[in-house]
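Peer 1: Protein chains in written order, with the working numbering: chain Y, 498 to 752; chain S, 32 to 288; chain E, 3 to 254.
It cannot be assumed that every hint is accurate.
No farther apart than 35 Å at their CA atoms in a straight line, the calculated lysine-lysine pairs in the DSBU-like style are these [unchecked claim]: (1) K165(S) to K190(S); (2) K121(S) to K166(E); (3) K87(E) to K527(Y); (4) K121(S) to K165(S); (5) K539(Y) to K87(E); (6) K221(S) to K92(S); (7) K87(E) to K215(E); (8) K215(E) to K166(E); (9) K92(S) to K190(S).
To list a few chain Y residues with every Cβ distance to chain E over 10 Å, as calculated [as the list claims (entries may be wrong)]: (10) F565; (11) L578; (12) A580; (13) P601; (14) L602; (15) P610; (16) F614; (17) T659; (18) V693; (19) S716; (20) V723.
No lab work stands behind these hints: they were computed from the structure. All values reported here derive from a predicted model rather than from experimental measurement. Quick reminder that beta carbons are idealized off the backbone N, C-alpha and C, glycines included.
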Amino acid sequence: MKRLLEASWLRAVAFALGLLVLWQIASDLKVISPIFFPPPSKTLLELYRQIVEGTIWTPLVETSLRMFYGWVLASLSGVMLGAAIGSSPAARDFLNPLLEFVRPLPASAIIPPAILFLGLSNTMSVTVIAFGAIWPVLLASVYGFASVSRQLVDVAAALRLTRIQFMVKIAIPGAMPDILAGARVSLAIALILAVVTEMQASQPGLGQNILLAQRSYRSAELYAGVVVLGLMGFVINYALQLIEAWALRWRPVHS
Amino acid sequence: MAADKAGSAVSVRGVSMAFTTGAPVLADVSFEVREGEFFCIVGPSGCGKTTLLRLLAGLLKPTGGDIDFYGAPIAGPGRDRAIVFQDYSKALLPWRTVAGNISLSLEACNVPEEERAGRINALLAKMNLQRAAKQYPSALSGGMQQRVQIARCLAQQPKLLLMDEPFGALDAMTRQTLQDEVARLAVEQKTTVVFITHDLEEAIYLGDRVIALGTNPGRIVEMVEVGIPRPRNQLLTREDSRFLAHRHHLFGLLQGH
Amino acid sequence: MRRFLRGSTIPVLLVALWEVLSRTGILPMDTTSRPSLVVVAGYEGMADGSILIATWQTIEAAMFGFLMATVIGVLCGVVLGLSRKLEAIVGPSVDALRPIPAVALIPLSLLLFGFGLNLEAAVVAFACVWPVLLVTIAAVHGIEPRLLELARVLEMPFATRMRKIILPAALGRITVGLRVAVSISLVVAVTVEIVLNPRGLGYSMMMAQQTLKPELMYAQLLWLGALGWALNAALQKAVSCWPGMNELGGQS
């Protein structure tokens, strides 16, 4: 069984490498335009150069921080709002229609008003990220807090738990699977919006870098930027999956 | 039992209950539960058994009549009354281990942290849960989960244990084992128990007294003094002539509704 | 009724407050404008057709990208779903591409296509293809194996098998992925327009902001919100009308 797994893993790597080699040859022979599709070797060399010269880190850190601040802001306010709305049917009646209207609004659509109020600033950028990233967390928290089982509400009442004890010991851990799933989606959105605001509002970071690379037809640099963003997307998703698995280790294992 | 000499733990007088929507659920229900008594309430579904239990727990307020607990009217839920729910899987905290679930009661009762471990271990031993202490509820069988719930209730050292069809979802073997354990615990701890079930034999087997509820609206149709000495035995008690007589009598009454 | 009243309380109060604060001069006109002016700007934009044209451009790009994603996603999904071996070989490459944020491809798409519909549709397609692909693979895995065996026993050629067994059997769950993809398509289209593509609603909002016409910008923002809401409501309705959708929705 193990040998079989290793074999299919090898084949998967061979497949990916094969594609890259084909690309390399086609681009070298100019079957496809080396300006639009530079050979992978050039992209790799560019990445190597950026790492050796250290120029890769500043934009990476800029983008990561922006994404992270917006996401933390969104997660905290999303959970708090979600707790308030989820545990009160009246709040749900008052706020749900408004939320239902704002939620499907493309997050990037608030960039124009955000620029109007906050200018082309980092504050604008973080605000837009937080606004766009709040929805998955908010909706998941509302659902999580609203679906605490009646038995647990009764248990809490019979034990005379205080409001705070109920929140800390029962409601928040109960809503945690939903909150974490929402937070993972939120982080992906935060990365997207960090890149978008960097491109639109000329904030320093990976988004701006790849746009500038495109404008001067430095396509290897453009592809390198895309690769870095892809790696970022992979790493943050994987990291949150690990956190989720650890925090929710009490859940029964599904096949 | 010697319950006659003991005082009254619960006194229910002329209680009626109606929800805003629909017909009354309970009408003019009166009974007394003596201190240390094992008191069973049996009835078909829809007779308001669970509502009655929630009234005793203080989770609901009656629309008419009075309920006293040791002489004082019940104003709301209290830690001196513990409830064991039928649906154990929803009443346990899935993110806490068995020990953690028992600890919840101790935390609520403000038991200092250094005392908790000892009390948890004692309860684990009492409910035969030592091996499962570090496991999460989802890894346990239904019977084990129900033991955890009972242990959690005992942890709050209640004067009154309210049990809402606690064994209804368990298989027959597990059910009999737990019946005997609960009967033994009630005697050991001298806890008053109000036990709800739709299983007539279970009610007679466990109870010092049994009341039968009828439906539409829920009301008492009969009260019997079981009068079979303890400890009881799954085989012999169920073949006892008094057991069979109660069963015949109540079966006929419940069938009529 | 009570719920409707409660639901409309806060939006109505907010708009009223906005109008009052604006008229008393507390809110600056150049950033917050005024609800009454927003209504007028929206009406004018509708009357001269400019908002509707921009809307069409956005929807056109969203739909074009969505259709490409659907064709590619369903075809590849069926093939990968039918062969575990192939999935094991190709899957990791797919997993390597999937985490790339679609917006990172905006400059690349600009390099390839220049400004216009194709640039936008390509980015939309990249963003939409993943939910369609993954759901299709899962849907094909979920097909009752006896149905596939039946097709083999009847010696159906591939195209017939596809048309008579695989697609109908998997369609219910694929619809779930398509629904997600439709919502994504609108969001991504607007985003590309806001970032750099000079067409559609996103671009005209940017223009309204830059030419200091906040009332027009807010009118378009509200219109876009209404559009997103209507699309969402329509999709929910469509999916709930699908036979047996309620059980399937939970599985995906």
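Peer 1: Please write out, lowest number first, the hints stated earlier that are contradicted by the structure.
Peer 2: 2, 7, 8, 13, 14, 15, 16, 18, 19, 20
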